[in-house]
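Student: All chains should be modelled from the sequences, with the hints used to inform the complete structure.
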Amino acid sequence: MAAITLEKVVKKYGALGVVHGIDLTIAHEEFVVLVGPSGCGKSTTLRMIAGLEDITGGLVKIGGQVVNDLPPRKRNISMVFQNYALYPHMNVRDNLGFGLKIAGQSPAEISKRVGEAAEILGLTPLLDRTPAELSGGQRQRVAMGRAIVRNPDAFLFDEPLSNLDAKLRGQMRAEIKKLHQKVRTTVVYVTHDQVEAMTLADRIVVMKDGHIEQVGTPMQVFNHPATTFVATFIGSPPMNLLPATISGGAVRLADGTAVPVPDRLTGHVRDGMAVLLGIRPDDISPVGHGLSQDGPGAEVALTVDLAEPLGMESLIYTRLAGQEVQAKLYGPRIVAPGEVLTFRLALDRAHLFDAATGKTVRAL
Amino acid sequence: MSAVVESRASKRAKSVALWIATFALMLVMCLPGLWVMLSGFRPNREILAKPPVWLPEALTLDNFGKIFGWGAEQIAIPVPAYFTNSLIIALTSTLIALAIGMAGGYAFARFRFRFKGGLFLGLMLFRAVPGVALSLPVFMLWSKLGLIDTKAGLIIVYVSLNVPFTIWLIDGFFRQIPLSLSEAAQVDGCTRWQAFWKIEFPLARSGIASAGVFAFLTSWNEFALASQLTRSTDSKTLPVGLLDFTAQFTIDWAGMCAMAVIIIVPALILTFVVQKHLIAGLTFGGVKG
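Chains as they are written, first to last, in the working numbering: chain A, 1 to 364; chain B, 1 to 289.
Simulated from the structure, these hints should not be mistaken for lab results.
Ranges of calculated distance between the beta carbons of each label pair, as one might list FRET restraints: (1) A/70 <-> B/276: 38 to 44 Å; (2) B/118 <-> A/223: 53 to 59 Å; (3) B/276 <-> A/166: 38 to 44 Å; (4) B/276 <-> A/103: 30 to 36 Å.
Model, not experiment: these values are computed from the prediction. The beta-carbon is built from N, C-alpha and C at its ideal position, and this holds for glycine as well.
Tutor: Written as structure tokens, this is what we have:
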């Protein structure tokens, strides 16, 4: 049983603060993804859990035990590194069995457990090869095998797929998810890729500048971003953010275009408030070409600047209130630049953020 | 068509010229060594003959017999003692230099500490000072400390000559090994010490072997300092012993060449044995694993 708890965890390198007192509880068997841009402190946080970085302040607990001063080997965790970190001078069998050998397991036990792990990951035919003789995906699997063979309390993944090409990344992503379903163990997974975060996580932790911006299930984070940062980081293409002011019960954009305040948000805004109207490209579509256009909406006529056909859909660049916005057109139809179309903004899925703080105005 | 033939011919000519040039260069480099080796196996009168005898009529081991005291004819030069001294001094100083080099190289590659850059630069500057330039101060110091004519005295000198180089070379090797390997080993259950011996050391072995060969050869071949700091069979090394063959009016070329063979052969054998590591070691930077 291993829940992982971080309490007010701080990491500083000299005067430079990297992680500023984060609190996080990861439940037993939960798959949590730490996601954020480079330098947000996600890898450092993971390495503090692993014991590879000293903890400047706060507590890290694994299975209820404070592990701040325990070396990595005493934390009963496994880690998959970005560069796989396979031992180049050992074959796959010895790489997988290394941790068991260090732990003093009998050769029979090692061989049995290596065999099982190899079977799970389809590595059995590769056991006698050295890492240099493996492809990127195979190396990745060996790294995962080395992690599962020891039957640890938690797996830590540090951007494990970022060295793979796009196709392989998709395959391995699915394998990691399957693996977690087979070997129910707590997982902490670090990535900068929001697709990995969305697809793998039970819960996503969005980090920025050493702080946690939001914790939630992928759908919570996608549907109810707590800040403009989360709104633009999760989801591709990113959410459009338009500066506006609340006036007379309407959201008035910079050029005077007014759209009604979405119903569910009316209680949370007051006149004169400076806000950002957040609306995803999927929720701005030419009339008749949106995902679902039944709910409340506002219609505006906009000129197409650029259209990028993607097959099932086209991404349209246009300007709303003097600012470039991206919109989506579903269903095949050629759109020429300069064409004026009536776009419908799906207001039931629009968001309002406080312009001063960047926080959502809707209480979650 | 003719252009192709012409270009082929010119290519061939170029490659032939290259071969000749290479051969000439190798001749210049190897001939003195070969001549010494050859002379070790022939009598003095053949070595001194005029006109020179290029191809010996018969090879003999008499010269070796003489210096090792097997044959009827003996010379009063204690070559076995010199050989033992050389071996003890070179091996001991190499082992110590390697131990310090590994510890130092690992520290420079892996740890952050104050004055790291300055210390490293200092080591490299020390390397730039020719050993001979230090011979007088070392001589004075050693005579005060009673280290003249002792193996320990020479070992200390050779260790200090070799340490900057071994640290520099081994540092480079540890730098090439990703830190994550040691981290992975620690997560896998190793202490830092175990991670070093089980993962990082085996991977740096080529580099450590090359550093060892260089350190050994430096100590084995060194003449200038040894000639000042040694006096007797207690500590005299083979290169210094070569001088014993020069008397006031004569030089025993045959004996000297035989002894030179004794100096050269172990070095050649050592280099040959570790050549795989040496090549891997010297080209390590170019291939990223």
